[in-house]
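Enquirer: Sequence:
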Amino acid sequence: MPAESRPCNVCLVQHDDEIHAATLSVHDWFHDQVTQGFYEELEEQGVPPATLEECQVA
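If you're matching positions, the sequence shown starts at 1142 in the working numbering and goes up one per residue.
Source of the hints: derived by calculation from the structure; they are not laboratory data.
Check each hint, because a few of them may be wrong.
Cβ-Cβ distance ranges computed for the label pairs, FRET-style [claimed, not checked]: (1) 1174 - 1149: 17 to 23 Å; (2) 1154 - 1178: 20 to 26 Å; (3) 1184 - 1157: 37 to 43 Å; (4) 1169 - 1148: 16 to 22 Å; (5) 1182 - 1148: 16 to 22 Å.
Computed from a predicted model, the values in this text were never measured in an experiment.
Even for Gly, the Cβ is constructed at its ideal location relative to N, Cα and C.
Construct the entire structure; sequences and hints are all you get.
Expert: Next up, the structure:
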């Protein structure tokens, strides 16, 4: 049975669920690589943890 193909708000194209899962995985990895030092810098500057959580994006 072929995987369901649907429009994707992240990729902006239509593809199956397996491709979507792989795309989200790469997207999450890239986000982590780009932002890995941001939160440590904020902590060093004395920004309270509640404010750090508000800064994080999904």
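Enquirer: All hints are to be evaluated individually against the structure, with a verdict given for each.
Expert: The hints, checked one at a time:
For the pair residue 1174 and residue 1149, the beta carbons lie near 22 Å from each other, so the given range of 17 to 23 Å is met. Between residue 1154 and residue 1178, the C-beta spacing of about 32 Å breaks the proposed range 20 to 26 Å. The supplied range of 37 to 43 Å is met by residue 1184 and residue 1157, whose beta-carbon atoms lie about 40 Å from each other. At about 20 Å, the beta-carbon gap between residue 1169 and residue 1148 stays in the expected band of 16 to 22 Å.
Taken as a hint, the range 16 to 22 Å is violated for the pair residue 1182 and residue 1148, whose Cβ atoms sit roughly 37 Å apart.
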